[in-house]
Amino acid sequence: MRILVIEDEPLLLEQLSVSLSKQGYAVDCASDGEEGLYQGLEYPYDLAIVDLGLPKIDGIEVIKQLRLKEKNFPILILTARDQWQEKVLGLDSGADDYLTKPFEMDELLARVKALLRRSVGMASAKQNFGPLSLDLNAQSVAVNELEVELTAYEYKVIEYLLTHPHQVISKTILTEHIYDQDYDRDSNVIEVFVRRLRQKLDPEGTLSPIETLRGRGYRINPALANA
Amino acid sequence: MMASVLLLVFFTITATILDSAFTNAAKTAEEEKLQLHILSLISSAEQQGKQLIIPTYQHEPRFNEISSGLYGYVLNRSGQELWRSRSALLISPVTARPQRPGRASFNIDNTHIDIELFVATYGTIEESQGKDYQYTFVVMQDNVAYKASLSSYRSSLWFWLSIVAILLLGTQHILLSRGLKPLHDLALELKEIEDGNSDSLSGNYPKELNRLTGNLNRLVDSERKQRERYHQRLGDLAHSLKTPLAVISNAVNDPTEDLNAIVKTQYQRMNQIVRYQLQRAVVSQQVTGITKVNILDHALQIKQALDKVYKDKAVLCEIRVKQECYFQGDQSDLLEMLGNLMDNAYKYGAGEVKVSAVDQNNQLTITIEDNGIGIEEHQREKITQRGARLDTQELGQGIGMAVIVDIIKSYQGAIEISDSDLLGAKFTLTFTRQHY
Chain A
0 MRILVIEDEP
10 LLLEQLSVSL
20 SKQGYAVDCA
30 SDGEEGLYQG
40 LEYPYDLAIV
50 DLGLPKIDGI
60 EVIKQLRLKE
70 KNFPILILTA
80 RDQWQEKVLG
90 LDSGADDYLT
100 KPFEMDELLA
110 RVKALLRRSV
120 GMASAKQNFG
130 PLSLDLNAQS
140 VAVNELEVEL
150 TAYEYKVIEY
160 LLTHPHQVIS
170 KTILTEHIYD
180 QDYDRDSNVI
190 EVFVRRLRQK
200 LDPEGTLSPI
210 ETLRGRGYRI
220 NPALANA
Chain B
0 MMASVLLLVF
10 FTITATILDS
20 AFTNAAKTAE
30 EEKLQLHILS
40 LISSAEQQGK
50 QLIIPTYQHE
60 PRFNEISSGL
70 YGYVLNRSGQ
80 ELWRSRSALL
90 ISPVTARPQR
100 PGRASFNIDN
110 THIDIELFVA
120 TYGTIEESQG
130 KDYQYTFVVM
140 QDNVAYKASL
150 SSYRSSLWFW
160 LSIVAILLLG
170 TQHILLSRGL
180 KPLHDLALEL
190 KEIEDGNSDS
200 LSGNYPKELN
210 RLTGNLNRLV
220 DSERKQRERY
230 HQRLGDLAHS
240 LKTPLAVISN
250 AVNDPTEDLN
260 AIVKTQYQRM
270 NQIVRYQLQR
280 AVVSQQVTGI
290 TKVNILDHAL
300 QIKQALDKVY
310 KDKAVLCEIR
320 VKQECYFQGD
330 QSDLLEMLGN
340 LMDNAYKYGA
350 GEVKVSAVDQ
360 NNQLTITIED
370 NGIGIEEHQR
380 EKITQRGARL
390 DTQELGQGIG
400 MAVIVDIIKS
410 YQGAIEISDS
420 DLLGAKFTLT
430 FTRQHY
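Residue numbers (numbering that gives the first Met the number 0), protein chains in the order written: chain A, 0 to 226; chain B, 0 to 435.
Just chain B, same shape as in the assembly (with noise of 0.2 Å):
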């Protein structure tokens, strides 16, 4: 739209300009034909003693025929009418002023009811006798033929400049309509996907658009699965709480029980439960791959923190990851991985603690190794699926590792448990960067 407005203003101002240009050459043309004739006039003037002779007929019929459109007059100093052509015999006097020798003027006179004359004048001496005689010559023409030969440009001018710029437009739209056509149709399929009628995209789009299209799909792909997540804990949630909230239940209305122990134990059966599905809620919130997260920061930011709390135990902690090495993901998903397992090493560990990150063939790996008594390879498995515990003792240990088995697995990455040269535990997390 912006276009065709512009498209318009531009050919109107071309318009202006060679409609203006050719005006002013053709006033020129004008002023040069009528000095041509007043020189073709002044050319067959002579001058005898004090009379100036000129011939009625002139070589130029148009001075001879009557109201023929061109007029020639000859003045004397004083402005008084010497001469006229015989096709001026049924004009009005001349209105030209007398002019100085060697000076011309071109003017147009429109003092006439429905004419316009051009009016060319020109100064000249005669020489006779000795004497001098001053003489202005002035030719005038109706500019009918001039204002015809305008009309008949401009309308050639405006017709030719409609019909380049229709096919300008024309063109405009039909390159738009088609360059846009995709865009529409994507504004079409995501409202489709609005509706519920469609879960993702086509993959039929040029491939400049690839990016984006491929972007908005895992976008609503990702927006689709928190949904579908958040849906899943709130009924899992709902669930899990109703065992505790009736034994409680039941309790209360058996006096032989023992509700203090018993509303301790449910407590703490809630609290888990409330504590594991907001934890695993609000695991992943942002797209997959869309930001880059720097490890080695969050890796410090959390050695500095555990060394805060484990204090006590002067954990040697190493961290070897290189300064360029990054997550390709949230932010918060990368902390509570990092948080928690090395949380677990500082904890379990007996004072040393390697976190090491390497990425490598668009495989990033994130190694967290203690040097505690290790894991048991029976126990390995189980400790890497949802909600297990290893170690009742410690309050939140099998939160952590099913928020960190979550969250791995949203990346579609891997966990293993292996032994680390430390001699204890060594978890190894791998993620394939994601191609965008």
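Here chain A stands alone, though its shape is the one from the complex (with noise of 0.2 Å):
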């Protein structure tokens, strides 16, 4: 899962980015309003923080803006004041939820992980498909309740299929999800990740959980989604 943050206090967007990073987030970072927009609208994100007074474009006209040109991901917002008002216009301009500043990292990570989850319809954060099953707060995959060891990009792309069921999902789509911007992409890198997770998750050969369409890209098998 992809994120933008941004943040204008470089202390804390450093804080931000490292901690979201340690969660296995691929974490892109903007110090003003301006910038946080541009990359909103350039980049395919799953997330975004935004910090509501920002240099260059407020807070609430950047998530205003994101919207208007129909970015639909979810966004939380960071604000250091703590009255209604502030909240019910941050909500009301498009955001999803807030946290006041100063804010415990735990907290944090908590309310990104529910939108995240909340954004792809699971209500709650463990799911099932047939034998396989996902928890996005332990940020685990099991087979049959078994636990399956990842490495954190092959588990980034089998959390993203699984979190988009019945969806073809093209390498280069898995690629903006998984890495940030700075990174040097080889969209390879992916059938590696692909091969090895299904020896991982499918030894035997006889789940094939995840299928392969020539020239598209891949799907979490049907049978297993719909289980």
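Hints listed in this document are in silico derivations from the structure and should not be mistaken for laboratory results.
Some hints here could point you the wrong way.
[To be verified] Computed Cβ-Cβ distance ranges for the label pairs, DEER-style:
{"#": "1", "chain 1": "A", "residue 1": "Pro54", "chain 2": "B", "residue 2": "Glu191", "range": "22 to 32 Å"}
{"#": "2", "chain 1": "A", "residue 1": "Arg117", "chain 2": "B", "residue 2": "Ala349", "range": "11 to 21 Å"}
{"#": "3", "chain 1": "B", "residue 1": "Lys206", "chain 2": "A", "residue 2": "Pro54", "range": "27 to 37 Å"}
{"#": "4", "chain 1": "A", "residue 1": "Pro54", "chain 2": "B", "residue 2": "Ser201", "range": "45 to 55 Å"}
{"#": "5", "chain 1": "B", "residue 1": "Lys321", "chain 2": "A", "residue 2": "Ala222", "range": "31 to 41 Å"}
{"#": "6", "chain 1": "B", "residue 1": "Glu375", "chain 2": "A", "residue 2": "Tyr182", "range": "51 to 61 Å"}
[As the list claims (entries may be wrong)] Pairs of lysine to aspartate or glutamate residues, derived as DMTMM-like cross-links and limited to a Cα-Cα distance of at most 25 Å, are as follows:
{"#": "7", "chain 1": "B", "residue 1": "Lys302", "chain 2": "B", "residue 2": "Glu323"}
{"#": "8", "chain 1": "B", "residue 1": "Lys307", "chain 2": "A", "residue 2": "Glu103"}
{"#": "9", "chain 1": "B", "residue 1": "Lys312", "chain 2": "A", "residue 2": "Asp81"}
{"#": "10", "chain 1": "A", "residue 1": "Lys63", "chain 2": "B", "residue 2": "Asp296"}
{"#": "11", "chain 1": "B", "residue 1": "Lys307", "chain 2": "A", "residue 2": "Glu144"}
Where is the CB? At the ideal position from N, CA and C, for every residue including glycine.
Make one complex out of these two single chains by using the hints.
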């Protein structure tokens, strides 16, 4: 999952970026409203964290512009003001949740997870796909209740595919959502991840959890997705 | 001042119009008089053969008295003087031109030194032995009397107009200074308040100003309270921050302490303190009762916001507020009360929230109910007290309640916690509308 963080305080931006990256998210940073809006419109994000008091373009305006251009990823507002007037204003402009500064990083991560889960239509953090189960909070995948050991990137790939069942996901989209913008992309890497995932999740070759649609991309096996 | 200038302009215009009307009327009267003299001259004249005979002595004695100021002449068709009255014996020749029969004229002759003359002429025809003889009768009169009457008129006109103007200006001044005296007093009293010698305006004003002084008093009062509140909060803030700071400072100097854990707890404490004091300081920045805030609109706004935040919980929130129901106060205060109480109801309720407001008999009642576990009776009083926190797990609840209590207090309202029909807690806020 790829997250955009727009925050003008460099120390806090750094802290947010480090904490989110540690959780396995691809993080892009912007330190003012203009840059943030540009990135939000240019790249495919799964979530944005927006500070309300931003230089150049105000946070509320950034959110309004993003919503106007039909960017529908969830947005979490950070605000130093604790008043309801501010909260209502922010949520009205199109944000989905708010957090008042100062905040605990754990609280922020919990909100981010909840928003991401909600945005892909999962009612709870855990969801089963036949014998496969995904736990967003623990960031783990299990087959028949047995947790499968995955590298960070393998998890990111299978998480993205499982949270977007019934959709064909191209290698480009996968690359865009699991890497931040500074990463030198090579879509062949995705093929390697998928091959390794198939081996780890289905060593016997009976489940075929990931389908390849030639020239289009990957998809979770509809039999599992519907199970 | 403006009124006085207008009054003076009005009087000047009136005087000018009256003066010009009188001058015209006087001239016309002079003209008519001279025409009458001409007619009396004509009637005394008699054509005998080629000769026009006019008696030397006329009925009008001023024609007979030398240099009396009234002079008569008769000119023939070519303008030659045929006759002049005795009064005109020492006067230079007449300047009037001969007139065609039936024609009259009236002019001013100012060719003479020191004197102006009105000159009236009339052309006539006398008939004798079948022959017509044309004559022009001329009467001149100096305008000494005319000028005298004009000047006497003018002086009395200006005299009386001035008296009326002075009377009017005086009355105006008295009325204005009497009428504006309360405003003058008000300015003085405001200055007293500004200088800190007085707290509020006295009630000794005409009833037309009561509303103004009432509002000013409320403004002054709210400003003072706000100032006191800031002052007090600042003191509170500084004092309450000293304890956690002392704890951290001690820990830094003590190598056996777990600095990380201490900083974390003290940070939470300081954060709580700052948020609470900040919230309390901004409560009710505006004068109470001046603005009208629509309750339904704001409740719906908050419902919309909370529906987003608690999307997972799928809370059923019912808002029973009439469109014309208003809160008399500051918009942010209403948002703060509704926001905190509705947020609590969403948070602690089991998915059902009801918000209602009734404005009856000058009393506004707002209720927020949920279907949560409710609040134990013995805790209710504690929760409506400042800073009380029921659930230490939920950061911020204590602040929210304390802020609500502060706001309600500033509007002289009341808060009550009871059991809801939904089986959870029911918060009832009541406000009495202030008359102003």
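Each hint tested on the structure:
1. A:Pro54 - B:Glu191: 22 to 32 Å: For Glu191 of chain B against Pro54 of chain A, whose Cβ atoms are near 46 Å apart, the range 22 to 32 Å is violated.
2. A:Arg117 - B:Ala349: 11 to 21 Å: 20 Å, holds
3. B:Lys206 - A:Pro54: 27 to 37 Å: This hint is violated: roughly 54 Å between Cβ atoms.
4. A:Pro54 - B:Ser201: 45 to 55 Å: 51 Å, holds
5. B:Lys321 - A:Ala222: 31 to 41 Å: 55 Å, violated
6. B:Glu375 - A:Tyr182: 51 to 61 Å: At roughly 55 Å between Cβ atoms, Tyr182 of chain A and Glu375 of chain B fall inside 51 to 61 Å, so the hint holds.
7. B:Lys302 - B:Glu323: 19 Å, holds
8. B:Lys307 - A:Glu103: Judged against 25 Å, a Cα distance of about 21 Å means the pair holds.
9. B:Lys312 - A:Asp81: 23 Å, holds
10. A:Lys63 - B:Asp296: Cα-Cα ~21 Å, so holds.
11. B:Lys307 - A:Glu144: 33 Å, violated
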